[in-house]
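For reference, the chains in residue letters:
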Amino acid sequence: MTSARKRETGILRLYRTCLGLYPAEFREEYGRELYMVFVDRWREVQSPLGMARVWLESLHGILHEAPKEHLHMILQDFRYALRILRKDATITVAALAILALGIGATTLVFSLANGLLLRPLPYADPARLVAVEEYSPKDPNESRQISFPNAVDFAARATLIQDLGVFSGGSTVLRSDGEAETVIACVASDRVFRALGVAPILGRTFTREDTAPGGPKTVILSEGLWARRYGRDPQILGKGLPMGSATRTVIGVMPAGFHFPDRAELWVPIQNDPAKSARTDYFLSAIARLKPGVTEYRATSELGALLDQIHRENPAANNNWLVRATPLRIWEAEGYRKQVIALLVAVGLLLAIACANVSNLLLVKASARSREMAVRSAMGASRRRLLRQLTLESVVLGLVGGALGSGLAYLGVPALLSLIPIELPRWMSFAPDWRVLLFAIGVSFVTSLAFGLAPAVGSSGVDLTTALKEGGRTGSGGQRQRFLRNAMVVGEVALSMILLAGAGLAVRSFYAMRSQTLGYSPEHVLSLQLAYPPARYPDGPKGRMMVQRLTEEVSALPGVNSAAFTTGVPLHDGWSRIYTVEGRPRDLKDMPFVNHVVIAPGYFRTLGIRMIEGRDFTESDFDQPHILVVTQAFARENWPNESAVGKRLRFGPPVRNEPWHTIVGVVADNRHEQLKQGGRPVVYLPYNADITPASMLISATGDPAKMASSIRTRIAAFDHDIAITHVFTLPQLIERASWQDRFLAVLLMAFAALALTLAAVGLYASLSYTVSLETREIGIRMALGASASSVQSLLLRQGVLLAVAGLGIGIVGALGLTRLLRSQLFEISPMDPITYVVTPLILMAVAAVAAFAPARRATRVDPVIALRWE
Amino acid sequence: MRPFTLSRDTFHILVALAGCDRHGYSILQEIDERTRGEVRLSPSTLYSAIKRLLAEGLIEELDERPDPEHDDERRRYYRLTRDGKRAAIEEARKLEKLLADARATGLAPKRA
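Chains as they are written, first to last, in numbering that gives the first Met the number 0: chain Y, 0 to 869; chain X, 0 to 111.
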């Protein structure tokens, strides 16, 4: 072969390869022609220049035309898909409704997950922010805090983190320029602002001088507070604002949207002296910024080494505690993560059910279309083209369903948020963003492929002769299609079972929690917090006078049974300290924690907490405060076989040698700190010259909420500078404390109900279709003497069999998956027998109902008509 | 039938087919010769246009070969349909009108 000839063969082969850029259909139709024309052209030129020109022209032609052909073909298929979808309007609408619900619910839950777990926090370079917390190796999930002197040492010595700052949330009362108002405040060190990388819009943030013990009384305002209360006064800097117990000078205003932590509206500098604070008192939170390239693991191991060093230098403070740096994102979302994951799994199952359901619809439709497919195939459409056509139909369905679903999710977010009775931290934002959008599109695509695949493969591979012979009417697609349909139904029932079990557990747990014995009677109790001017009522006789007078005045109101002051209303995190029982010294690292509540006489009566042994506090205990009332559980734990009354214990680390407290009474156990199990035991101390409690509990004869205004009036009459905040009835507090469990239960219930409906519809549709296919067979049976009831029971049996198969698989799956809920469940095992008896029964009942209608229809088949039908 | 706008290339193909039925390469040659090489269609452009003209019914594929003597068994021949002829005439008229307008405004030389 000459080299010219070789070159020609090469070029021709190359051209043929390039033709591969065309869609297969076009290539099959015109590929040979194109090639021949190219060959003609090529052979007609002689000069290399001419050859180059022909080659470039031809290549340019392909590159220019091939994409257009692809687009053209897709548009054509798309138009065809729309026509088909319009033609089968019923199926299309049903499929769209199911998809919209499935994708909508999924996108909705994803929006929650996005807001809670994914969306970056609104601070500079948020991925480098960490929370630093110390914790006991005994319960690593308990502490989220740090001790002040340790924080100072970490900040000074750590090389892998920078700007370790400490803060603590709280509230303060503003008294100038208008009504007294309680605002959410934060005590923070100077480095908090540096760590967050946020600059004020006015003035400055704190400096070392501000945060020195005895330093100047300064304050930073949030933009919102500055606008709301001070009308954006540009001269605000340098002004003195009376708040809390002091007048503070405004030194800065933070930008809009900055509310660290959670919902803070103003910041005051921390001015504690770290040297005077115990290394084992954990009352601050800490954040820091990782240096570039440092992981939280490396930071944690450095901090751990530093803590060891601190413990070596201060052996008396060595309690074996550990320290860790946790990404701030994870630290903030800690209380929500497990529930969000459980919801994501649940909604994923729901989506799978929706897919199976739509798939089933399309399978039915595909059987009816097998003739169409055969005809198109006979007319030269390749299997690939048919497959693409069917896939495109699914994708159109999926995308339209996804768009509808995204709309539902968009509307659903506010509805979901309205289920939440508490004020969420400001960093949580559930507005749709690109992640949600991308997710919705992705889910729609994946969903389309998931539900479209089986029907598409099934019907594009249809056997020509059978399909044409069978005719459109009974083109059942045979055994394989039937198997597929049944498999879908079984799958739907199984997934529904898992969801039902999860929902059942969540609901049972919620009711168990809400119907438990609380140890107090919340029904008629109102709680409120007072913010009194500290200068007017300093701790001591003046504070005592206020507590006594207000208790008397409020108790005297008509409709009030009793009233009492306390430092902590039920279901609020308390202040806990370590303690030692007299005669049983323990090593610092083994010392347990107990929660302190300081109360005025009347507290137990107001809450209806039973006195078991000993006595309640009296007014005279004010002057001899080293006494205690403990709960039964605490007494039993420490003195299992004897009375606790008369025993003594002491708070704080041994080195501090605090005074001994004598137990004078024992009260019934009660859920003071949290509704769920766990939590620390509680001991009660009498109010005294060191502490003036500021929360008030009022027991009313009727609806406590209705008492609020008369109580307000009475307190204002006593002193109108006392601000009243946090007015809640105890049932409201319980509601607020259990909203996450209710939220989980409500959502899981909704998903389970949807799942059940979809599964029932799936079962119903599948059996109905079977009946319509087997009309002839049923007719023959009946003509041969089968009774209507035997035909009916045959079909019922078929439905029940499918349901039972699904149930079996579902129960196994549920036993595996509901373990995810374990940590969320209250006194209910993930294998709760009642749930596993009741939910399958519900499912079976629904399945029987769904199977009944088609079975009944079958009995009405008239043999004569049925036989003529064929 | 919805109006079909003829591109310049498509019009060239219709014109090439106006005289006699042709196969693809012959269409290209005809255009080439008639325009003295000024208009050169690539095979790709040609067959994309042919596909569309067939779909629109402006041309049709022949079942039998018109010129058995010089025929190549494998080639497909195309013929202008009545609709195709009408469309080509319509297009020619439009071009004529456009040319007349151009002349009237002095953009093109007056006819000799």
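Rather than coming from a laboratory, the hints here were simulated on the basis of the structure. Glycine is no exception: its CB is placed at the ideal position from the N, C-alpha and C atoms. Be aware that a few hints might be false.
Unchecked claim - On the chain Y side, residues computed to face chain X include the following (Cβ under 10 angstroms):
1. 40
2. 56
3. 63
4. 64
5. 65
6. 68
7. 331
8. 333
9. 337
10. 444
11. 858
Unchecked claim - Stretches of chain X that chain Y covers, calculated by requiring three or more beta carbons in the stretch to come under 8 angstroms of a beta carbon on chain Y:
12. 10-21
13. 29-43
Outcome of the hint check:
1. 40: This interface hint holds because 7 angstroms falls under the 10 angstroms limit.
2. 56: Cβ of residue 56(Y) sits 5 angstroms from chain X, so the hint holds.
3. 63: Since chain X brings a Cβ to about 7 angstroms from residue 63(Y), closer than 10 angstroms, the hint holds.
4. 64: holds (4 angstroms)
5. 65: Because about 7 angstroms separates residue 65(Y) from the closest Cβ in chain X, which is inside the 10 angstroms limit, the hint holds.
6. 68: holds (6 angstroms)
7. 331: violated (59 angstroms)
8. 333: violated (61 angstroms)
9. 337: violated (59 angstroms)
10. 444: Given a least distance of 30 angstroms, the restraint on residue 444(Y) is violated.
11. 858: This interface hint is violated because 53 angstroms lies over the 10 angstroms limit.
12. 10-21: Violated - the stretch 10-21 of chain X has 0 residues with a Cβ nearer than 8 angstroms to chain Y, which falls short of three.
13. 29-43: holds (count 5)
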